[in-house]
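Visitor: Below, each chain spelled out in residue letters.
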Amino acid sequence: MSIISEKITPADQLVSLFEHSRETLNQGSSPILNRMREVSIKRFAQAGIPDFRSEDYKYTNLKPAFEKNYRHELVRETGLINLNEVFKSNIPQLDAHLVFLVNGWFYSGNNPGAELPKGVVLGGLEQIANEQPELIQNYLNRQAGLSNDPFVALNTAFSKDGFFLFVPKGVLIEKPVQVINLLSSDENLMATQRNLIIAEAGSQVKIVVCDVTLSASSILYNTVSEIFAGEDALVDVYTIQNLNNLSTSINSAFCRQQRNSNLVTGIVSLHGGLIRNNLKVTFNGEHAEANVNGISFTDKKQHVDNNTLIEHSSPNCLSNQIYKNILDDESTGAFAGRIHVARDAQQTNAFQRNNNVLLSDKARMQTKPQLIIDADDVKCSHGATVGQINEEALFFLRARGIGEKDARMMLMNAFAHEVILKINLEPLRDRIDELIEKRLNGEISRFHDQLSE
Amino acid sequence: MLSIKNLRASVEGKEILKGINLEVKAGEVHAIMGPNGSGKSTLANILAGKADYEILEGEVTFLGQDLLELSPEVRSRSGIFLSFQYPVEIPGVPMVNFLKASVNEHRKFKGLAPLTAGEFLKLLRAKKEMLHLDTELTNRSVNEGFSGGEKKKNEIFQMAMLEPKLAILDETDSGLDIDALRIVAEGVNALKTPENATILVTHYQRLLDYIVPDFVHVLYKGKIVLSGGKELALELEEKGYDWIKNGNE
Ligand SMILES: Nc1ncnc2c1ncn2[C@@H]1O[C@H](COP(=O)(O)OP(=O)(O)O)[C@@H](O)[C@H]1O
Ligand SMILES: [Mg+2]
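Protein sequences appear in the order of chains A and B.
Its first residue numbered 737, the first sequence is counted upward by one per residue in the working numbering.
Its first residue numbered 90, the second sequence is counted upward by one per residue in the working numbering.
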């Protein structure tokens, strides 16, 4: 007789949680969300949590993050957050339409809809899906549903809320929309959030997303966003990630662009234990343009991985990527940028660059560009560098009287500057410059440390 | 002001400076000449505090202080200025930010309050006019995309902003056309006072037509093999470096 003892994996536990919570999950939630759950949990169950053997997660091991015990907020909990305290946690203060989410749940904040142009809908996904399903049903999960990523499937199985923005045809939202995602819990928490942004033809909107942990606990934050840019639409999405060292963020964004649309994204990974960002852009019409950029700062044992995929499915489109990482201590980073030019996508322009600075001997960076080009008349390029601080420049600055620490700071700011310049929102650029300064002089880390005391 | 005694230094195990002695007093202009590879830049870099070199022996005092003990930034603030032979390009660091930080560090060291934005711009303008510099250079990143001549002019401009006690100009003349050379030389002459001193490092005598040195030293294979007055430069020009080489081999 033999006893087969099978270890219950974290993935099994999540599947079992789903099965036991089915009713809770469906309760109060629109059928649009609920009908995607079963197939998604099956997908997740089949895939499990990937390890280094998976091509997509070769450089980012999420297994340890999933092995911790987490609390789940399957229903809205009315935690009180003092909004006046929030901006002290290094969230850029902007003149913006402001909305707040707490642990993935939308809180209306200061009535953001009040001054928005007519027809714009800004709110929580749960509520809008119930009240105006017609706005959502043709978009939700249309892109994410095609993904093979297990964490996207997990998100779809569990997600109940997130932020929703609809900008109707031809409407321009002057001020940026600022979405503040607060993460706060006394115990470890797994938070799931689902966002949907629809910018109809000819509309314009700039969105600033700020993720921040307000407690010392470990948070596993799994967020999926789908962004639709209609014909001629101009959509900017800037994200600032600022999580404590125990937290993990898996952030997946799917962007679909119609003819002539213009998308700009910028992701600033300021602080966080483990951050994995997935970004997919699909061109679904000619003459569309996407500028996608990122900058990350890591130290201690932090890890940031940016994974991009640009699907040039239509001819005459332009994509431009610049990703940079500044790595200190024993921190690690990864960048995998895939560009796929379909057979008919002639006259494609696709550029990609990944530059990295290692500030210590123990920091490591993995960079992997991948160009798959099935058309013949295209201009594509990619380049990657991994280097140290330019010692000659450092000596030059010091030889002009600037102290070593300040000189290093200047050079790191200069390195980051190229990415910051891509942000089409001057007040945000200035705030980010300040945050980078705080990051590099240790203030941001001290903020997180002090919460754990 | 500056006193170098029996300075020996090596890089990567190779001895480059083999016992340099040099005394520079306030108000003097010294020219250090010598063929390529003699160690001129090595000497200039060591004085400015570059860390690539190992000091084997000797001492350097500057205004009574042990210079070799000081960090590059403190040397700069104390009044040493090196005009680099190959000024480095630093994309992303705007000239204006860099200059302001530099000037204010120097002021802080002297116990002066930092310049306000307005005061700084005024100083910037005054120095530009003094050097007949086109205004465009300060709107860019440090040396980014500058021509060789622009880089050298930019070095002299920084010198004008910082008003050093001891300026070490490493081949500031090389790569300049006659007009640029004149601008650079006029700048150096205009900044000259009885209180400061200049070391001109060059391997051509051309610059010395514009900036007249009090002393000329010939550095060859890590040693000063000849010293003299300004006529020495002319003699070198006439006879060429072979004259030195033959005499020393
Ligand atoms: N960082 C360095 N590493 C290796 N060799 C060096 C370095 N700096 C200078 N040298 C060597 O030292 C010698 C003197 O160089 P340098 O001081 O630049 O001469 P000069 O300025 O008189 O032309 C040369 O042989 C040069 O190759
Ligand atoms: Mg030289």
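If you are wondering where the hints come from, they were derived from the structure by calculation, not from laboratory data.
Don't take each hint at face value.
As the list claims (entries may be wrong) - Here are the in silico distance ranges between beta carbons for each label pair:
1. A:Arg1079 <-> B:His221: 28 to 38 angstroms
2. B:Glu218 <-> A:Gln1102: 48 to 58 angstroms
3. A:Glu803 <-> B:Leu201: 28 to 38 angstroms
4. B:Asp268 <-> A:Leu908: 31 to 41 angstroms
5. A:Gln863 <-> B:Leu204: 32 to 42 angstroms
6. A:Gln1124 <-> B:Glu252: 32 to 42 angstroms
7. A:Glu821 <-> B:Glu148: 55 to 65 angstroms
8. B:Ala206 <-> A:Gly1123: 31 to 41 angstroms
9. A:Leu1187 <-> B:Glu148: 44 to 54 angstroms
10. A:Asn924 <-> B:Asn186: 49 to 59 angstroms
11. B:Leu201 <-> A:Glu1128: 24 to 34 angstroms
Glycine included, each C-beta is placed from N, C-alpha and C at the ideal position.
Visitor: Now look at each hint and say whether the structure bears it out.
Guide: Structure-based check of all given hints:
Arg1079 of chain A and His221 of chain B have their C-beta atoms about 60 angstroms apart, which leaves the hinted 28 to 38 angstroms range violated. The hinted window of 48 to 58 angstroms between Glu218 of chain B and Gln1102 of chain A holds, with their beta carbons roughly 52 angstroms apart. A hinted range of 28 to 38 angstroms is violated for the C-beta pair Glu803 of chain A and Leu201 of chain B, which are about 58 angstroms apart. For the pair Asp268 of chain B and Leu908 of chain A, the beta carbons lie near 52 angstroms from each other, so the given range of 31 to 41 angstroms is not met.
At about 55 angstroms, the CB distance of Gln863 of chain A to Leu204 of chain B disagrees with the hint of 32 to 42 angstroms. Judged by the Cβ atoms, the range 32 to 42 angstroms given for Gln1124 of chain A and Glu252 of chain B holds: they are separated by roughly 33 angstroms. Range check, Glu821 of chain A to Glu148 of chain B: Cβ separation about 59 angstroms, and the 55 to 65 angstroms hint holds. Checking the proposed 31 to 41 angstroms range against Ala206 of chain B and Gly1123 of chain A shows it holds: the Cβ atoms sit about 34 angstroms from each other.
At about 53 angstroms, the beta-carbon gap between Leu1187 of chain A and Glu148 of chain B stays in the expected band of 44 to 54 angstroms. Between Asn924 of chain A and Asn186 of chain B the CB atoms are about 43 angstroms apart, so this pair departs from the stated range of 49 to 59 angstroms. Separated by about 30 angstroms at the C-beta atoms, Leu201 of chain B and Glu1128 of chain A satisfy the suggested range of 24 to 34 angstroms.
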